[in-house]
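Q: Chains as they are written, first to last, in the numbering used here: chain A, 1 to 329; chain P, 1 to 356; chain B, 1 to 513.
Quick caveat, the hints were computed from the structure, so don't treat them as lab data.
Note that the Cβ used here is the ideal one computed from N, Cα and C, for glycine as well.
Heads up, a few of these hints could be off.
Cβ-to-Cβ under 8 Å is the rule here; a few derived chain A residues that face chain P [said to hold, decoys possible]:
no. : residue
1   : D126
2   : L134
3   : A135
4   : M143
5   : Y195
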Amino acid sequence: MTTGSLTAGRTRLRLPRRQIPVLATLALLLVMYGIGVSQYQAFSNVQVIFNVFIDNGFLLVVAVGMTFVILTGGIDLSVGSVVAMTAMVSASLLQQGLPAALVLVIALLIGPTLGLLMGCAIHFFDIQPFIVTLAGMFFARGMCTFISGSSIPITDGFWTRMSQERIGDPRGNFVSISVLIAFAVVVVAAYTLAYTRLGRNVHAIGGNPQSALLMGLPVGRTRIAVYTISGLCSAIGGILLSFYTLSGAPLIGVGMELDVIAAVVIGGTVLTGGSGYVFGTVLGVLVLGVIQTLITFDGSLNSWWTKIVIGGLLFAFILLQRLIGIRYK
Amino acid sequence: MNDTVGRYRAMTAHRLFWPAAVLVVMLAANTVYRPGFLSVELKDGHLYGTPIDILRLSAPLILVALGMTVVISTGGIDLSVGSMCAISGAIACMYISQQPDQNSLPVVLTALAMALGVALVLGAWNGVLVAVIGIQPIIATLILMVAGRGLAQLITEGQIITINSEPYRAIGLGHVLTLPLAILIALAAALLVGAFTRRTALGMIIESVGGNAEASRLAGIRSGRVIFLAYVLSAVCAAVAGFMMTANVSSADGNAAGLWVELDAILAVVIGGTSLAGGRFFLSGTILGALIIQTLTTTVYAMNISPQTSLLFKAVVVIAVCLIQAPAFRARFARRRSSAPPPSAVTDSPKEQVPA
Amino acid sequence: MTDSRPVLTMTGISKSFPGVRALHDVNFRLFPGEVHALMGENGAGKSTLIKVLTGVYDTDEGAITLDGAPVSFSGPMQATAAGVSTVYQEVNLCTNLSVAENIFIGREPRLLGAVRWGEVRRRARALLARLDLDLDVSAPLGSYSLAIQQMVAIARAIDIQARVLILDEPTSSLDAGEVAQLFRIMRQLRDEGIAILFVTHFLDQVYEIADRITVLRNGGLVGEYPTIELPQLSLVEKMIGKELDVLEGIEEHSRRDLAAVEEGTPLVAVSNLGRAGAVEPFSLTIHAGEVVGLAGLLGSGRTEVARLLFGADRADGGQVAVNGEPSGLRTPAQAIDRGIGFCSENRRAEGIVADLSVRENLILAMQAARGWLRPIPRRRQDELVEKYIKALSIRPADPEVPVRNLSGGNQQKVLLARWLITEPRLLILDEPTRGIDIGAKTEIQKLVTQLSDGGMAVLFISAELEEVLRLSHKVAVMRDRQMVAQLANDDSLDADRVMQTIASGTHREEADR
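With the hints as constraints, model all of the structure from the sequences given.
A: Written as structure tokens, this is what we have:
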């Protein structure tokens, strides 16, 4: 070896360590599922898993968008409100008799537009993402109540069909169309992050934004793009939620950003950016879903235990990330 | 002396001028819209009127924001204050509701002491996570933000606990010397925090740690203790705010109490001129920020717009304040940027002009 | 080679910032197949010139041509695309990405928009092989040493068919072996016809590798010289702009009898203090009133010795005794309690608190030692601050101005004063004179002499041997993270001998002291 001492200069072990959080999440998921199956007979029903997906499809889509943002080291607090706003706008427009296709297009444009604006504010004026998306959160939530103070039901044919359509096997296990859409989003996102320049730039910016700039990467464009993507995912999530609830409610999704951030972190993405996987986020959302299902099955536990358990898991995973040496800045 | 005045002027011009101007403009606009807006009257020995209401209602936010200011100054953030309000309110109300004589002062004091004790413990938890284990503050406090709501609901068992206790109610609605007790408590807390930080060297040390943590360590500052203290202080402030919120309505709702107050508090701090990146902090600015937020809310109420819609206005204020304070934004208007490269979106096109 | 056409010319370049004229009418030429050193003291305008060249700054006046055609880059990215690549002192890559990706990110070979990872790895391997580097290209860059990361940065730069390669202080964090490796690569690239602009502070390196030298001073051009026609001494004179004897004002106090200070119990006695990966266990005694110089190349472990002694890093093993009492120096706060002060070489990151005022920066260490519950009374603060602003002639003399507004030299004085206020028994100064103007430098050197005359012990770290020799009673020599010798600074000791010790690493008889 010609380079002798230089090649020996590696300071740390190569890091399959980076995958440890994801593996831990997977193990946790399996354990929780195991507990469920051993405690409750009905838990072994495949439909239970499908229901987790059906109930959390919108959350998954939103979490995927959040993964992009967090990978760059940013944060998007506006997602819950944008989800609600999208659902509200859809419900309101449908109520006014606009055709479903047009409503879809409008609803899907609002989220990304807001995301684009927030991204521009973050990039051009160098304001912290936390504050900008906080403003976005206020704005979107304010828009919800501006549209209507109370919930608007959706009776549109397309929406009800999307809501009720069951894609399933002969034994009666089924998923909703929302689940398929969510999966499509996951696949597209995973591909984007792994195989496109945009995705790689996202990782690079999360690793070291100054370096990324000096390497000639389009830092500003990428940063604006991730908030736009998060806005788009929130919009899709909002549509899926309106499929699910067949209504638009001004106060739905309050605090959803916390669940989403928790899912992303539990899925192994480091909050300071640069390291994480969409697959991990899927696992994170599943963990949240299975916790809810377990608590529902138990019956004696109340819904607030969900929050306490999620908080505990957050703590455990953050501690794990520290222990294995993924550095927080 | 002259020097102090000069310095005060310089600081006002930099930090407090814009927030103060915004507040004045908002009050003026309100007065134009509703001429009686600023009138205050004395009834039964108590002052009444919209300005007094604004002061009274802003008291919890001022409290939370005071603690938040100190935490933000260390370079951290405390997202758990809203949950902390809910927990402290829930504990106090729960204890009082279980006692035979809810109006007894000792009972109320015991309840407050218990809730404060728990707040100290939870603040210490945040402090340990950040200062000892070294977890990024936004994540460390996120844990309690999520789990704390659950804890509050656990305490109240998901119910809204209603109490009928005059002494407790007084925390939110009582009057002393014609003024609402709440604003006096907030004022006292502000003076206390001010004295705590500025009469000791704590303030400077916090600003030093927030400004440059490593340099502070090498100057011999044991930053862990200071940061720990900041989170405990923030938790205590939030707990007292929680008492006020629950006292205002004589009931504790683990779900709704203190909801979003962390965001309002952060907003108040930022409006007040303290940088989210840490370093210099301005308690007076924070109080001004809290007053602006409450004036905004009251204005929206007065205009018969749905309270939720006030969020729209809040969004506008957030953006306006941040833009005014953002150096990049100011620079745009001062002169064209010369040092930074232009937005990268356009850098691809001129490539062809370069001879290859 | 100078008979060929220059690949790059910069003519009449001027650049001003508010209040500062950074460059004035500077000319610069770069020929294919040469290594051209850009020399100058800090503040001479080297980095401004590079930033103007790569488009980070616009020029106020002047023209740049590349291959004879006028160019004006809008930023480093466009400069890179045109064949002008820069490798910075701090490696500007993403340690969380793989080696291969760091080389190709932004220019990945793609098929229908999808990155071809196999192709990326294959090409990265080929490119690194050309530089004679054998790395696992799919490992995260962060798992390799800084030196390797620097080479990867060069690999990235040359893959873009760079014809001009700018190396901005690439050697400052490399050890001798790594520098040799870097130079081998630089020669190879030069022979391939690439023009290399090399910025460094190490004179020896300039004479080892550079073909020509351009010297800047105070934003102006001093001249362009073939290396062989410019002796070291005249280079230094041209850089500094004054005769060296400005510094002669400092008495040669180091020639005093070492035995006189080395009496009684040492103030600080270190035995076998060490830390894996930072510095091998070393032993050292420092007496009251003694100035101990720490010599060695950058990265030889000088700073690490200081940090261990101050408790800024935890030692793996060994003991420190202060005044004969064993002391665990595990944190800076403990070291300060024992009367030790430490001025870090990294002023900006580890020294000043930019937000705070001069006054607050001055009293910070003293206040920290008292604890936050016992604030220093304001009147006492003002007295202290006034005294030290005067004593060290800190400018501007306004105690309430934020320290960020001060020049580097004045910031350094603020740091010095911060420690002097605590009246330490041992003051550790890590490169206190780096990057500050010559006047401030002289003042600081004089101050060190005064302090030691007053009975304070000083551990003085500097890259400049002359400075170390002028001030120290004894010189400890570092090499490859080992303390290889401790030399009494008597008449027989000169820079050559220290250099030899650094180069050879052999112990002398004095080493047992």
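Q: Please go over all the hints and tell whether each is borne out by the structure.
A: Hint check results:
1. Of the supplied interface hints, the one on D126 of chain A holds, with its beta-carbon coming within about 4 Å of a beta-carbon of chain P, less than 8 Å.
2. Using the Cβ-Cβ criterion of 8 Å, the hint placing L134 of chain A at the interface with chain P is satisfied: the shortest such distance is roughly 6 Å.
3. Interface hint status for A135 of chain A: upheld, as the beta-carbon distance to the closest one in chain P is roughly 4 Å, under 8 Å.
4. Hint status for M143 of chain A: holds, given a least beta-carbon distance of 7 Å to chain P, under 8 Å.
5. Among the interface hints, the one on Y195 of chain A is violated; its C-beta lies about 21 Å from the nearest C-beta in chain P, farther than the 8 Å criterion.
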